[in-house]
Amino acid sequence: MWARLLANKDIIHKWQEALAIMAQPSYAPACARELALLSDEICYLAGDESVDFSWYTERVSLSMIYSTSELFMTKDRSPGYFDTLNFMLRRLEETRALGGLVDSISTWARFSMNSSVNLLRSRGMTL
1 MWARLLANKD IIHKWQEALA IMAQPSYAPA CARELALLSD EICYLAGDES VDFSWYTERV
61 SLSMIYSTSE LFMTKDRSPG YFDTLNFMLR RLEETRALGG LVDSISTWAR FSMNSSVNLL
121 RSRGMTL
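Under UniProt numbering, the residue at position 54 of the sequence shown is numbered 54, and the numbers go up by one with no gaps.
Careful, some of the hints might be misleading.
Derived CB-CB ranges, DEER-like [said to hold, decoys possible]: (1) Leu45 - Met125: 35 to 41 Å; (2) Arg33 - Ala7: 17 to 23 Å; (3) Ser112 - His13: 32 to 38 Å; (4) Asp40 - Met125: 28 to 34 Å.
Source of the hints: derived by calculation from the structure; they are not laboratory data. Model, not experiment: these values are computed from the prediction. Glycine included, each C-beta is placed from N, C-alpha and C at the ideal position.
Make a model of the complete structure from these sequences and hints.
This is how it looks when you write it as structure tokens:
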């Protein structure tokens, strides 16, 4: 996941604008689909072989961690995005330790919704 986040380093200065566009209702389904495909690919590359309900929970958790880390990265000015790496690792550890998917989903949804609304407002949209 870290390698994928680092792939954004050359465009991260434009990423907030891209996220604002992706948050628009007409783009949301395609963006959600791409995030699901990305999390599935990351799980596959990590060796995940789940065939039960955890197949879904792992991908949802990973999607939440990836998307919040990506948002965090847009404001990170640390060398080599070190703060983003630590943020991501903390989220991974919290997810493992808590095992509370419902709490993680609601936190992610609130954070994502607030971030999306704020991004849209920063672009002059009235909500």
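Are Ser112 and His13 spaced within 32 to 38 Å by their CB atoms?
-> 21 Å, violated
Verdict for Leu45, Met125 (Cβ pair) under range 35 to 41 Å = Taking Cβ atoms as reference, Leu45 and Met125 lie about 37 Å apart, which means the hint holds.
Take a look at whether the Cβ-Cβ distance between Arg33 and Ala7 falls inside 17 to 23 Å.
-> For Arg33 and Ala7 the Cβ distance comes to about 19 Å; the hint holds.
Just tell me: holds or violated, for the beta carbon distance of Asp40 and Met125 against 28 to 34 Å?
-> 31 Å, holds
In summary, the one numbered hint that this structure violates is 3.
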